[in-house]
Structures are given as C-alpha cells and as structure tokens.
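Enquirer: So you can see what is in the structure, the chains are spelled out below.
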Amino acid sequence: MIGLGFLYLVAGTTFAAFALVSLFDRPRGPGNAVFYALIAISFLLGDRLGDLGNGVLVLAIVGVATLGRMGPRDVEQALAAPRGSLLFVPALIIPATALAGTLVFSRFPGMVDPKQATLVSLALGVILALAVCFAWLRPAPVEPFRQGTRLMDHIGWAAILPQMLASLGAVFALAGMGTVVGGVIGGIIPSGSVFGAVAIYCLGMAAFTIVMGNAFAAFPVMLTAIGLPLLVHTYHGAPARVAAIGMLAGFCGTLVTPMAANFNLVPAALLELKDRYGVIRAQIPTAIPLLIFNIVLLYLVMP
Amino acid sequence: MLVLAGIAVIAAGFLLRFNPLLVVVAAALVTGLAAGLGPLAIIAAFGKAFNDNRYITIVYIVLPVIGILELHGLQARARDLIGRIRGATMGRLLVAYLLFRQITAALGLTSIAGPAQTVRPLVAPMAEAAAERQAPGDHDPERAKALAAATDNVGVFFGEDIFIAIGSILLMKGVLQADGIDLPPLALSVWAIPTAIAAFVIHGARLLLADRRLTRGRRA
Chain A
1 MIGLGFLYLV AGTTFAAFAL VSLFDRPRGP GNAVFYALIA ISFLLGDRLG
51 DLGNGVLVLA IVGVATLGRM GPRDVEQALA APRGSLLFVP ALIIPATALA
101 GTLVFSRFPG MVDPKQATLV SLALGVILAL AVCFAWLRPA PVEPFRQGTR
151 LMDHIGWAAI LPQMLASLGA VFALAGMGTV VGGVIGGIIP SGSVFGAVAI
201 YCLGMAAFTI VMGNAFAAFP VMLTAIGLPL LVHTYHGAPA RVAAIGMLAG
251 FCGTLVTPMA ANFNLVPAAL LELKDRYGVI RAQIPTAIPL LIFNIVLLYL
301 VMP
Chain B
1 MLVLAGIAVI AAGFLLRFNP LLVVVAAALV TGLAAGLGPL AIIAAFGKAF
51 NDNRYITIVY IVLPVIGILE LHGLQARARD LIGRIRGATM GRLLVAYLLF
101 RQITAALGLT SIAGPAQTVR PLVAPMAEAA AERQAPGDHD PERAKALAAA
151 TDNVGVFFGE DIFIAIGSIL LMKGVLQADG IDLPPLALSV WAIPTAIAAF
201 VIHGARLLLA DRRLTRGRRA
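In order, the protein sequence lines correspond to chains A and B. Note that the working numbering has the first sequence beginning at 1, numbered continuously upward. Note that the working numbering has the second sequence beginning at 1, numbered continuously upward.
Simulated from the structure, these hints should not be mistaken for lab results. Keep in mind that a hint or two might mislead.
[Said to hold, decoys possible] Straight-line distance between alpha carbons at most 20 Å, and here's what the computed EDC-like set of lysine to aspartate or glutamate pairs gives:
no.	chain 1	residue 1	chain 2	residue 2
1	A	Lys-115	A	Asp-51
2	A	Lys-274	B	Glu-142
3	B	Lys-48	A	Asp-153
4	A	Lys-274	B	Asp-182
5	B	Lys-48	A	Asp-47
6	B	Lys-48	B	Asp-182
7	B	Lys-48	B	Glu-132
8	A	Lys-115	B	Glu-132
9	A	Lys-274	B	Asp-179
10	A	Lys-115	B	Asp-52
11	A	Lys-274	B	Asp-52
12	A	Lys-115	B	Glu-142
The shape of chain A in the complex, shown without the other chains (with noise of 0.2 Å):
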C-alpha cells in the first residue's frame, strides 16, 4: 500500500537533492547543504533514529539554521527559452492531481493508505508535472533541482517551522498546557455559553498571533487550550471546522501586527512608503469586520 513511506522517500530524494545542488554548484560555505541533508536524513531514516536520536537530530538542524550563515545565493540568470501562457499547465497538473487523486483513491480503498490520500496525490502530481516539464522543455536532468534549490534557498530556515512548532505543540500537550490556559482564560468565558467560548478562541487566535506576529505559533496554544478541551470535547465542534476557521481568525492578527514584518513592513519598505504602517492601516478596516464574520461562522457551525 503505498502511503506515508513513498512519500518519505520522494521528499527525502528532494532534499538530498537540494543538498547535493548546493554543495557542488555553489560551493560558498556549507550552512545550506548541511541543513537540506539532515531534512534528507530525517525523511529518509528518521524511523530508525529512535525518539531521543531524532531529538539530537532537531538540535543539529536548528543549530546549522541559527550559526549555519545560509542564505540565498541568487545568480542572475537569463530566462531559458520563454514560452507561453501553457506554463501554466504544468504548475496546474498538481493541484488537479491532488484533488482528482484524493477523490478516486478514497472510492477505491487498498492502494492507497486512505488516511495519506492527499498527501499521495500531491506526489504524484509533482511527479507527473515534473515528467511534462522534461518531455516539453527539455531541461538537463540537475536543472529542476537547481531551480528548486534556489527557491528553497529563498525560504531558508523558515521551512520547517511549522513541523517545530507542530512538535512544540506536542510538548505543550505533554506538560498540560492546555488545562493551565484554558484554566486561565476558561475563567473569563461564562460557563456554558457556547458563544462565549467560541469569541474567546477566536479573539484569542488573533491576539497571540498579534503578540507572536505568527498565526503557526499561536494555533497549538489556543487549539488546546479552548479549542479542543472546550469547542471540540465538550461542545462536540467538529475538529476540522474548529480548527480551520481559528486558523483564519489567527490570519486576521497578522494583517494588523508589525511583528509580521515580512508581510507588513517588508512590503511597505519596498512601495517606499512614508509610513512605515501604511500597509496595516490599509488592513485594519478589513481584519477586524473579518474576524468578526470568522467568529459568527464558527458560532454558526457548532452544534
């Protein structure tokens, strides 16, 4: 059954890949082959590491990240050969894979591990994709992963910050976290008003996102600490509907928070606006009636 394991090796492949990329086509310090091999490593044989040597395998991952001097290392480059509006189709064939794929594969049980069916899906349709791109633009063999190599470069170590703090989120499970904030700002929600829990999750998404400047590390904190315990367990939500639309909530944080800098002082930075809060004055008016129809929504899909 092809599941979780194809996908392990198709991902670790692509890093060791990028690995490989950055230590022979630019050899300028090692930071970033460091970091996309141990990826690799952990993709590849992290089942066999044990929990504490997957432990010793994050701390070096974080350490290459934190004193690794990576970075992108962008050389201009002529486009190759432009084509057409038809780019466009290959870069479609993943998402209609995906979602043709996790359609057919769930009424059609026994090849696919149903429970990894997207995530299945989405492979294959990179992997379609990438065939299209080799048959059509004939590219050398190394081209892609140089290419994608660059764009991974760009992105650098904020890559695997949703698995660490997915992983955080573990940890605070283990330590009860969650029965602590939820007992703390459980106080303040009027004992069984359902939308009383729901207001104080969603507000509480977007304001630990404001203070984090990051809806990724906000959402396992406010998911056990309200959304679970009380949404979920007691108010019988749906896990999905709870889940997703606090995520969206957490969203409206980041358009009003100058802790997200990328996203709100870069771009203000590159208009070359006078106010360097232009971008959040510009959002504001659209976050907060947002957040509010993300609070009614979710009122609105409990039971």
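Go by the hints and put chain B onto chain A.
Expert: What follows is chain B alone, placed relative to chain A:
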C-alpha cells in the same frame, strides 16, 4: 501555572528577534522543565513529535517544478496576465487583482505574485495611475500604494488555505493528530472557503468605496 513561562519565552524570543527555530526549542525546554520533565525526556519527546510530523515539510517537493517553470518565464506570464487587467478605476483594478491572487493561491501558486514580484513593479503603479485619472492632482499616492500591498496580503492569506498542501493546513493536521484526531487535509481546506468569500466581499467593498471617495473628493 509555571508552564505558562513557555508562552512568555515565545513572545519574548520573537519580540527580541532571535531565530524562531531557537525560540521554539527554548520554549519546549522551559515548558517541559516547568512541568517536571527531565532535559533528555523533553528532547526525546520533541524528537518523536518532529518525526511524527514530517509530512508537514513535504510541501517543498513542488519547488523543482515551480523553479523550472520560472526559469522558462512563469512569473513573466503572471505579470503579463496582471498587466492585461483593465480596471478603469483604482478600486476595480484592485478587486480584479484580489480575485487573481485568491484563485492562484488556492491552486498552490502562492509564489507567482507578491510584494516584490508583482505589487512593486505592476499593481502599485497601475493603481496609482488609475487614481490619478480619477482625481487628477487630488489624491494621496501613498494611499493607492498601501491599498495595493494590502490587497496582495488579503488575497494570499485568504486564498492559500484552500490549497490542501500548504504549511498551515498540514500544521493543523499535525496538532490535531497529537490529540488523536486524524483528518484528511481536504476536510480542513474546504472550511477555508467561506472566509475566503467573506474576505473578497469585505475587502472588495472597501476598494469600491475608496473609488467613490476618490470621485466624490473631486466634486466637492
């Protein structure tokens, strides 16, 4: 109560601009120690969770495809498409860009547009020029530019979560899984659709109101 120190570590660490990965590890250590766990137990617990959540980082397998397409001019084609948007007014132009950004982000193409790729070279100057046509010499050029950047952010934030393989969707899947709730990404991403529509309506209405303010300011 002591475990709350973990949240304080995150807030302080991000505020002081330490590397966020380092902040996350420090927060995990502080939280675990406060809960009475030993350092090795914390590292092992974090390592286990990291290993269990590897699928979150799978999304980057798309980069070789996007990269080779960019080498052959994908971003240039996207810019052509945006350049062809013929909004007679600043508001209508930005509404069209909002729709473009939401739809492409929902298809996973978050990187074909952005502040550097499209807003600075295209959308901001186009919005400014339209505002100048609507109210010659009587509009704030900063306002048009700020609205262009804001429209880009609103479009990508409230479009990308409809795509099933974006970091935030897989992060939700991971955190829920730690609590024993196993959900397919599609179940999460469909619940991004209502808010995406609301974002289009709310922000779109503001843009059209900005249009009316431009022309009314001229008459007054």
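Enquirer: Taking the hints in turn, state whether each one holds.
Expert: Do the hints match the structure? See the list:
Under the criterion of a C-alpha separation no larger than 20 Å, the hint pairing Lys-115/A with Asp-51/A is inconsistent with the structure, at around 23 Å. With a C-alpha separation of about 8 Å, the suggested pair Lys-274/A and Glu-142/B falls inside the 20 Å cut-off, and the hint holds. Taken as a hint, the Lys-48/B and Asp-153/A pair is broken in the structure, with Cα atoms around 27 Å apart against an allowance of 20 Å. Of the supplied pair hints, the one linking Lys-274/A and Asp-182/B is violated, its CA atoms being roughly 48 Å apart against a limit of 20 Å.
Restraint check: the Cα-Cα separation between Lys-48/B and Asp-47/A comes to about 9 Å, which is no more than 20 Å; the hinted pair holds. At most 20 Å may separate the alpha-carbon atoms for a hinted pair to count; Lys-48/B and Asp-182/B meet this at roughly 17 Å. Using a Cα cut-off of 20 Å, the hinted pair Lys-48/B and Glu-132/B is violated, with the two alpha carbons roughly 58 Å apart. At roughly 54 Å between alpha-carbon atoms, Lys-115/A and Glu-132/B are farther apart than 20 Å, so this suggested pair is violated.
With a C-alpha separation of about 47 Å, the suggested pairing of Lys-274/A with Asp-179/B is violated against the 20 Å cut-off. Of the supplied pair hints, the one linking Lys-115/A and Asp-52/B holds, its CA atoms being roughly 14 Å apart against a limit of 20 Å. For the suggested pair Lys-274/A and Asp-52/B, the alpha carbons sit about 46 Å apart, so the restraint of at most 20 Å is broken. A hinted pair counts as satisfied when its Cα atoms are at most 20 Å apart, and Lys-115/A with Glu-142/B does not qualify at roughly 49 Å.
Hint check: violations occur at hints 1, 3, 4, 7, 8, 9, 11 and 12; the rest are consistent with the structure.
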